[in-house]
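2 protein chains.
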Amino acid sequence: MNRSYTLTSIGTVRSPHLECEGMPIQPLGARGFRGAIELDPMYEPGLADLTGFSRVIVLYLFHRSTGYSLSVTPFLDTRPRGLFATRAPRRPNPIGLSVLRLTGVEGCRLLVEDVDILDGTPVLDIKPYVPLFDAFPGEASGWFGEACRDPAAVRADRRFVGEDGTESSDA
Amino acid sequence: MNRSYTLTSIGTVRSPHLECEGMPIQPLGARGFRGAIELDPMYEPGLADLTGFSRVIVLYLFHRSTGYSLSVTPFLDTRPRGLFATRAPRRPNPIGLSVLRLTGVEGCRLLVEDVDILDGTPVLDIKPYVPLFDAFPGEASGWFGEACRDPAAVRADRRFVGEDGTESSDA
Numbered sequence: 001m002n003r004s005y006t007l008t009s010i011g012t013v014r015s016p017h018l019e020c021e022g023m024p025i026q027p028l029g030a031r032g033f034r035g036a037i038e039l040d041p042m043y044e045p046g047l048a049d050l051t052g053f054s055r056v057i058v059l060y061l062f063h064r065s066t067g068y069s070l071s072v073t074p075f076l077d078t079r080p081r082g083l084f085a086t087r088a089p090r091r092p093n094p095i096g097l098s099v100l101r102l103t104g105v106e107g108c109r110l111l112v113e114d115v116d117i118l119d120g121t122p123v124l125d126i127k128p129y130v131p132l133f134d135a136f137p138g139e140a141s142g143w144f145g146e147a148c149r150d151p152a153a154v155r156a157d158r159r160f161v162g163e164d165g166t167e168s169s170d171a
Numbered sequence: 001m002n003r004s005y006t007l008t009s010i011g012t013v014r015s016p017h018l019e020c021e022g023m024p025i026q027p028l029g030a031r032g033f034r035g036a037i038e039l040d041p042m043y044e045p046g047l048a049d050l051t052g053f054s055r056v057i058v059l060y061l062f063h064r065s066t067g068y069s070l071s072v073t074p075f076l077d078t079r080p081r082g083l084f085a086t087r088a089p090r091r092p093n094p095i096g097l098s099v100l101r102l103t104g105v106e107g108c109r110l111l112v113e114d115v116d117i118l119d120g121t122p123v124l125d126i127k128p129y130v131p132l133f134d135a136f137p138g139e140a141s142g143w144f145g146e147a148c149r150d151p152a153a154v155r156a157d158r159r160f161v162g163e164d165g166t167e168s169s170d171a
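Protein chains in written order, with the working numbering: chain H, 1 to 171; chain A, 1 to 171.
Keep in mind the hints are simulated off the structure, nothing from the lab. There's no promise every hint is true.
A short, non-exhaustive set of chain H residues, derived as facing chain A with CB atoms under 8 Å [as the list claims (entries may be wrong)]:
no., residue
1, N2
2, L7
3, I10
4, E38
5, L50
6, F53
7, S54
8, T66
9, G67
10, T73
11, T103
12, G120
13, K127
14, V130
15, L132
16, D134
Think of the CB as a built atom: it goes at the ideal place given N, C-alpha and C, for glycine as much as any other residue.
Let's have the full structure, built from the sequences with the hints guiding it.
Below, the structure is given as structure tokens:
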């Protein structure tokens, strides 16, 4: 039985990416892009101890995403793939996930690099990236392994842009 | 400005963990625990091409989590830490993230291992785990690196159990 839940953003991404088209695909392609995560000041005490981590997992909403298709041709491929085998932004629950480099914490602001997220994106959660839990370098990566010659060089186009204009980008 | 969004679960976790107490902490401590992710049948076409991936990122709701504290003593440590520097389940947006081993896809069911999620947990999203995007084995892991002698051996206790009974477990 599917159930509904209401989530409220805890902050906002500040990023040099003001529109989807031309955005890098994943933090891998976003090296050097700096930004910030501005949390609501009430959450500042929750950022204690975070500076010891060199990366954070940022969960956010693809807030300009509308609708979805269960078969999509990703930015990094030329043929349709099952939606849940892609990182495309238009999903039943349009939650984005980026593993960003953390360079500092100033009050309720996280300074981050490798930002592949649209400016103004609502943030749902911040988690510490723990290699012991999260890093599995040897795992099989399906069509990504076959299709991607140079994912860092690929940029987003308008294929996931909603009818209302710009759109976040994740794969 | 914080905004609210309504998300609807796309399926349910089936797991041998029927209550929080005694659960493994993270998939690292859950090796050998098998389960399934049962998606609503309408989403089955979205699972195409997923079998080429050996791990999936599962985003889910800690559905029995109520409230949160911005300072928590995690299962894996003995002193309080900032909430966003932990993987504790009681969070402003109680979204859990587990990187599970994918062993098969049968219709709208994903067969998974290393399950550290409570039975009956609502699933929000499935993403392919792509080492190129997600694996950073050399990153600094803050207090986890100092505090955790043997995280695979640690089990959950009742510290994050809500007043209403059992609770999911994530760190």
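Quick rundown of the hints versus the structure:
1. N2: holds (5 Å)
2. L7: Hint holds; L7(H) Cβ to chain A Cβ min 5 Å, cut 8 Å.
3. I10: holds (5 Å)
4. E38: Because about 11 Å separates E38(H) from the closest Cβ in chain A, which is outside the 8 Å limit, the hint is violated.
5. L50: holds (4 Å)
6. F53: OK, holds: F53(H) within 8 Å of chain A, min 4 Å.
7. S54: holds (4 Å)
8. T66: violated (13 Å)
9. G67: Nearest chain A Cβ about 13 Å off; hint violated.
10. T73: violated (12 Å)
11. T103: It is violated, given that the least Cβ distance between T103(H) and chain A is near 12 Å, above 8 Å.
12. G120: Where the cut-off is 8 Å and the nearest Cβ of chain A is about 10 Å from G120(H), the hint is violated.
13. K127: Status holds, d = 6 Å.
14. V130: This hint holds: V130(H) lies near chain A, its Cβ roughly 5 Å from the closest one there, short of 8 Å.
15. L132: holds (6 Å)
16. D134: With a closest approach of 6 Å, the D134(H) hint holds.
The structure fails hints 4, 8, 9, 10, 11 and 12 (numbered hints given earlier, in ascending order).
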